[in-house]
Amino acid sequence: MSFITRGFSSRRGERDPRLPPGQSLVTDWPVLSAGPTPEVDPADWEFVVRTENGAHSWNWDELHALGVEDIITDIHCVTHWTKLEMPWRGVPLDKIWESVETEHDYVMAHSYGGYTTNVPVEHLLDGKSWIAFEADGAPLDPEHGGPARLLVPHLYFWKSAKWIRGLVTMPSDEAGFWEQNGYHLRGDPWLEERYW
Amino acid sequence: MTSRRPATWHVATVVDSRNETPTARRIELDVPTWPGNDAGSHVDVRLTAPDGYQATRSYSIGSAGEGTRIVLAVDEVPEGEVSPFLVHELRAGDQLELHGPLGAFFVWTPPPPAPGETPRPVQLIAGGSGVVPLYAMAAAHAESGDATQFRLLYSVRTPEDVFFRDELTALTVAEPALRLDIVYTRRAPPDWPTPPARVTRDRLQAAALPAASRPRVYVCGPTPFVEAVAGWLIDAGHRPGDVRTERFGGS
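Residue numbers (this note's numbering), protein chains in the order written: chain A, 94 to 289; chain B, 2 to 252.
Hints were generated in silico from the structure; no laboratory data involved. It is possible that part of the hints are untrue.
[To be verified] Have a look at the derived ranges for each label pair, beta carbon to beta carbon:
id, chain 1, residue 1, chain 2, residue 2, range
1, A, E155, B, D167, 58 to 64 Å
2, B, W193, A, L284, 48 to 54 Å
3, A, E178, B, P225, 46 to 52 Å
4, A, E155, B, P190, 56 to 62 Å
Cβ coordinates follow ideal geometry from the N, Cα and C atoms, glycine included.
Could you put together the complete structure from these sequences and hints?
The structure is reproduced here in structure tokens:
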């Protein structure tokens, strides 16, 4: 039902094919958080995966020891901005899942500060997600989720939970924080799964 | 959770567009299919060019309630793609597309009557154009007649940059009254008691409801402003879950 708004014209020339529908390029890095930025010291940081079979935890050094990868990826925020070819460093979820036994198909990611977001397990494995500590060549700033955040760049960026603290597996999909407050349960930017 | 209103695409017609500040425009839209919106929610505005090019941006709504008229107040982002068009080109009679209402978290709705329970006061803290959703909350509060105590701390560059000046002033004498504290950061009115300066930890402490009164706090503004204010609030004893934030721009 799209129609032309009088007087509006494209000022950006050719649209970059790496931009999902409804997205615009940014070069800075906007910050979106629902509340205050929690302070988390890497010395106290712990990452826990809890399943129907028990829990497994890693401290800062133990998680790094699983093997840190360099990643170059585009990120897409539901508020219509996309950042291209951003360098990150982090540990792939695949390495973490080598120690995890579960029949569950979904996880709820939990953050320091209380944020939650739900993700299907298949969207986390096979090189699709990381626990990331660095972006743009520097340790992650607290307002961008430091010391560590989940990185699931093929989904809208609210799925890449800042200040990640752990994952709890679930037999069925349940809504996390933004998913209860207006955002889509899955969040594929190429399908524009933004809102309820 | 608030009542869920269906977010869908709407066609909006500009009813009025006028200067709000030297850099911002107040745009009133008629949206016949609008389901109403809670105070503090936002909307996606989509513009389409003759060649099919589209650009979409999110804007807070400066109005609330059940009507089919909504108000946006758009500050121009220099070198921006959408806001300069909305500020300089858009005029009465033009049409654009909206998707909304959006957001069920950074909203305020009148608390349901709970016998024997003291309602929690509300502290609003705005930086610049971040006042738009907070003004909608303050107006909705006055409209509801709800007795909850409301305060707004508003950081703004100069007197000319104040959004909704007349409306905010009217709310300070409405019943129930909004307590309004403006902090001018670059230039204050001639008779102003304090010289222009940014909001600091001390000024926040002096002008905001104390943590002991357990206010619900809504903070909206540029990222550095919100980061600083939210950090001071936590240091002052406010619980993180009581502080809701909305940020714009990069860090």
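_Given a hint of 58 to 64 Å, does the C-beta separation of E155/A and D167/B actually sit inside it?_
Roughly 60 Å apart at Cβ, these two residues keep to the hinted range, so it holds.
*Quick one: are E178/A and P225/B within 46 to 52 Å, going by C-beta?*
violated (26 Å)
*Look at the Cβ atoms of W193/B and L284/A and judge whether their distance stays inside 48 to 54 Å.*
Since W193/B and L284/A have Cβ atoms about 52 Å apart, the given range 48 to 54 Å holds.
*Honestly, do E155/A and P190/B meet the 56 to 62 Å range at C-beta?*
With Cβ atoms ~59 Å apart, the hint holds.
Comparing the model with each earlier hint shows a violation of hint 3 alone; every other hint is respected.
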